[in-house]
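**Student:** As a plain string of letters, each chain reads:
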Amino acid sequence: MPPRRRRAAEGPGSPHLGELLDLERKLGLYYWMRLTRTLEERLVALYRQTKVVGGLFRSLGQEADAVGSAFALERRDILSPLIRNLGSMLVKGATPLEILKQYMARGDSPTRGRELNIHFGDTDRGFIGQISPLGDMVPVMAGVTMTFKMRGEDRVGLVYVGDGATSTGAFHEGINFAAVQGLPLVVIVENNGWAYSTPTSKQTAAAQFVDKAIGYGVYGEQVDGNDVLAVYDCTKRAVDRARAGEGVSLLEFMTYRRKGHAEHDNQSYQPPAEIERWAAENDPIDRYVRVLLDREKVEQSALDAIDARVVREVDAATDAAEASPMPHPHDALLGVYADPPAERPLWYREGADVSGLGRERAEGWGTWDASKQETR
Amino acid sequence: MPPRRRRAAEGPGSPHLGELLDLERKLGLYYWMRLTRTLEERLVALYRQTKVVGGLFRSLGQEADAVGSAFALERRDILSPLIRNLGSMLVKGATPLEILKQYMARGDSPTRGRELNIHFGDTDRGFIGQISPLGDMVPVMAGVTMTFKMRGEDRVGLVYVGDGATSTGAFHEGINFAAVQGLPLVVIVENNGWAYSTPTSKQTAAAQFVDKAIGYGVYGEQVDGNDVLAVYDCTKRAVDRARAGEGVSLLEFMTYRRKGHAEHDNQSYQPPAEIERWAAENDPIDRYVRVLLDREKVEQSALDAIDARVVREVDAATDAAEASPMPHPHDALLGVYADPPAERPLWYREGADVSGLGRERAEGWGTWDASKQETR
Amino acid sequence: MAGTEITYLEAIREALDEEMARDENVFMMGEDIGAFGGAFKVTEGLLARYGEQRVIDTPISEIAIVGAAAGAGHMGMRPVVEMQFIDFIANAYDMLTNYVATARYRAFLPCPMVVRGPSGGYVRGGPFHSQNPEAGFIHTPGLKVVYPATAEDAKGLMKAAIRDDDCVLFFEHKYLYRRIKGVMPAGDHVVPIGKARTAREGTDLSIITYAATVHKALEAAQRLAAEDGLSVEVIDLRTLSPLDDEAIFATVRKTNRVLVVHEDTRTGGIAGEITARINESCFAHLDAPVLRVTAHDIPLPYAPALEDFVLPQTDDIVLAARRLAAW
Amino acid sequence: MAGTEITYLEAIREALDEEMARDENVFMMGEDIGAFGGAFKVTEGLLARYGEQRVIDTPISEIAIVGAAAGAGHMGMRPVVEMQFIDFIANAYDMLTNYVATARYRAFLPCPMVVRGPSGGYVRGGPFHSQNPEAGFIHTPGLKVVYPATAEDAKGLMKAAIRDDDCVLFFEHKYLYRRIKGVMPAGDHVVPIGKARTAREGTDLSIITYAATVHKALEAAQRLAAEDGLSVEVIDLRTLSPLDDEAIFATVRKTNRVLVVHEDTRTGGIAGEITARINESCFAHLDAPVLRVTAHDIPLPYAPALEDFVLPQTDDIVLAARRLAAW
Ligand SMILES: Cc1ncc(C[n+]2csc(CCOP(=O)(O)OP(=O)(O)O)c2C)c(N)n1
Ligand SMILES: Cc1ncc(C[n+]2csc(CCOP(=O)(O)OP(=O)(O)O)c2C)c(N)n1
Ligand SMILES: [Mg+2]
Ligand SMILES: [Mg+2]
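Protein chains in written order, with my numbering: chain C, 1 to 376; chain R, 1 to 376; chain P, 1 to 327; chain S, 1 to 327.
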């Protein structure tokens, strides 16, 4: 049976890889966490102005988990994010402008207004968007990493599931399949205490999610998900294992969902003291700021500069997103199949002329980019 | 985390419950195992005479696993058998006549010729027939035992899955659901080394299936599945736990599938030496005969008498089954819904008069019994 | 509180409440249906009233929820389970079509259970929170399917579904949840499964539809009356399986022109089945082909302009009806 | 070996073999497809020829098999996955209809993959080894569905399916596996997806069908010619999604009388869709209602007498055709 460790701290004395990062990369971690938070705050403002179409999902207090894990991947690796992994997507190259356009359902958004919020991807940049049915991305990422293995490519895959999503058949079949095939896949269970209103005690009888690693015969590790360096460390170990041909890992990140399931959710079921305690004592950005200031001797001004840069970037992206066009209704007809390239409008839709619609590219991709299109 | 034991022998010194059985019940175990084997051998003969409709499935070498586990239940408990649990069904009161009629698709068989082989049940006698999609009975039995718990009934459920079926989403969702709800359910993984042609090494990367118990936070035990007393013991412990409100157990029975997946399968993929070794050294009936003769000082003549009784019973059942009627085509129309009680034949089926068909009873049951019917 | 208007959503809740009070075998399972009262608050208050034994929050396991309901149904319970969005019923497709639908027939085991959930579009829910998955289940012998359009029917059909001895899939249109209101008939208000309703009487042509598009059909009928002087009959199917052939054939014989409207995608949607039945049984009564107004065959996109293009709209119905009338 | 007759099953195997040899991105996954060659031996010999990296035995995990195929498809592979029996495709219903079918549209991700498996009845397989699950997938935009009736088409369509840039569900009729033979056309024999075939020319009425019932329709046509002097045209659809409207409408316009035959259950089966399309586009050409011969709406029972009653038979087709001809 592969070794199993409860916490990184209890591990067999491996070096703290996070500590080996140079200062630039350490500040990078800060930048991505701050960008995640600021961008989500901007989205809240836009949501209140009813400029967001549909629901808004926050990762407040979980930024370290997303950013630290994605940071452990190489450019060529592929991850599949969840709704609370905005940070992972940003690290992988998704831009604030794309995120804002998505949430506002714009015509030149990465999905051309077809899919919700951050449900988009880009196989070039290395992320594949989730779909709503929970757990489904685990089998899909098994297939992606199977391809890496078949082709002898030096690439790794990473997929996130919530504590709630571990209860799905898709999660089970996917991780088991990957484990048996020995695929280079890291499965991260983000244990944020809640699945919508359901506490983990109603989701599993296991003492901890990392225990599931034993049942799948894979490497397992549990880590403090709000310690970005520890998250990086733990993920890096699993990624290195995967790259070395040692197969699947199941990592459990201990964190907490400080906002409701979505913005409309008033969290009536969450003990307010619990939320406050995590906010006061265990905010991943606050904690990391202290590490940077106290241990790394970074100047406060350096952090302020990053904060200011983030605000500038988000401001600029907001302006650009708000100026971007709504989709044209007829765009709905394009690209259900490669062939035919467009559906015919139903006969009672007079004047729906789609002859000039062209064809969309779709050869392992995930993001619509007008400049690369044959469409008008 | 609940205790986990690898083998009954490694357990915390609990009494060997099997040893506490009186001689009559010990001979009962022998009778059921012998009946299972003889009945299956008869089915093989009928199959060769092409009297069996469809495939034939054997449990040769696995009789102890089925019989010993079912023996640990009370009359009021309910189990859900698999294709290799003919023994469990016999213990629970299924008769050789019913089995034979099923395999021959007779009109007065327990499913009136609607379902295959031993896919039938009887909630009164305490067994619920499986359907083909593997794993599905785990959620169903979660629901059955949920009812026991809701009503405060002193009843336990038991469900079997093969090593192969542990890979299904249904198994995962069902056992996890039952674990969280603390239901009185015993889940038995029959590890017979193969799922059709697939060895367990291609089914899971886990060192052993019992390890999955940890991932679900349930009690787990692994046992020699060809030792009928050990099987009884191990199951009885889990059943007692369930009855005492201690929730779900996952038991792994180590056994071996000595015949092909079905009778037509030539087992080309199974090492012949492996099959021979299990046959020569680890036949559950041979082993139990030695226990009875050597340790229990049973006379050979007593066993011979049981063997003779079994043959008599199977002979009589065969004659009755062969004499039983084929279903009337119009019986196909009855009982898709409670209301309407029968489907109308399609218009081009001239002369299909179903006015006299009546209505079938279906109030928690599973076996068609002409004497209780309103049908003609 | 006879005489008070309540919403479609409240009507469903009232039905659940009354049935739980009436029959102790009725209980609920689903994700977040307890303390939280469900994603749309349909089950709000039921936990407080009936306790954790009868309003059960489950893991995110649609296969297990449906399978457990079947097992409980075999034992005489009457489970009502929620899909948080009906789209996730796809995860339980095997359990529903293979296990539940066949249980009575192949094993004489009853599955008196209801699977309910918020369905349908027009709410900017995108491809996985807007589905109308009825077609795959209408196709499955052994299941019943209802899809009410009014608050009164939502209540009455829910009560019938819970009392039915077989599995009933109960689709609730989320666009109607809080937009449609009705006054509940006094007493034990049960609407029989399998009976359509004439939502508007007419003589020139018939629109056969159900769920949200009933309201679009009624709007269209009003416009057609005002602008074209056409008398349009609107049939609200209410139950999709079993279909009310009598009601369908009666309206065909009356108006001789039929438009079938549904929000579901076109190919393989229920309109095809309805057309085939009309064709077989009322061919001589047809003065024009049966026409269909449906969604386009496209996964439902999320941006308003796109969703509105893909889904059928009142204008489409008006246009199609005019063509039919002019045939 | 041009000119040698091979079975429907061998034709499929030949297609798989040729495509694996042609394109190294083609690979197979499924339960027991490797050393064992699959429950029906369709993949026999492929492991020996292409190795464990390209012929992969999987755990019993239909969700994972289909999901992994999609992931590999995104990366440029062309997976061909087997359902041991097509009935178990129900377990992957969510993955196919929600993930795979929408991937190109919502995320520009291609899923060039084939899901194939033994389908259909007339073999005493009972309710879970005899299914025809096409209706639920024809209803899903983004998927293609083929269901060949001849050995030539089985080969040619399989090659087309593997080369198609979208997901193709490839239903193989297990009754035909070893009963039907054909001589393969020389060279790279590809049958285009989306094109029906005229299996028999005729002028009095048309039978539109596919898969095993093509052979029953041909038998019926022969009898109708001999006994009634009727000239019956038989259209083998071959592809069920997208439907070949042109071929359907052409035969309607030619004979003015149509019988749609399928082995699938009646309600919600594809015959309804076909009827609706004919109705909409060829109403004026119909001299009689479109009639349907299908299975009864009943889970398929296993005893021969029952199965034969539930499924459509040649006699039924003859009877229905006579009624249609006499309309
Ligand atoms: C198969 C499925 N069932 C139900 C849902 C509805 N749903 C969306 S998110 C959610 C809770 C998810 O909780 P968790 O996995 O812990 O992720 P978190 O939101 O905490 O990050 C539920 C039940 C879904 N998306 N998919
Ligand atoms: C969901 C599903 N997929 C595939 C099958 C086909 N199938 C029937 S039995 C079997 C092997 C089962 O192996 P195991 O669970 O180990 O049981 P055993 O036959 O060894 O008792 C397979 C793959 C099925 N019945 N259900
Ligand atoms: Mg969570
Ligand atoms: Mg096995």
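Among these hints, one or two may not hold up.
Stated by the list, open to error - Below are the DSSO-like pairs computed for lysine-lysine, each with C-alpha atoms no more than 30 angstroms apart in a straight line:
1) C:LYS149 / S:LYS159
2) R:LYS149 / P:LYS159
3) C:LYS51 / P:LYS159
4) R:LYS149 / P:LYS41
5) S:LYS41 / S:LYS159
Derived from the structure by calculation, the hints contain no laboratory data.
These numbers come from a predicted model, not from an experiment.
**Student:** Are the hints correct? Go through all of them and say.
**Tutor:** Verification of the supplied hints:
no., hint, in the structure
1, C:LYS149 / S:LYS159, "holds (26 angstroms)"
2, R:LYS149 / P:LYS159, "holds (26 angstroms)"
3, C:LYS51 / P:LYS159, "violated (40 angstroms)"
4, R:LYS149 / P:LYS41, "holds (27 angstroms)"
5, S:LYS41 / S:LYS159, "holds (18 angstroms)"
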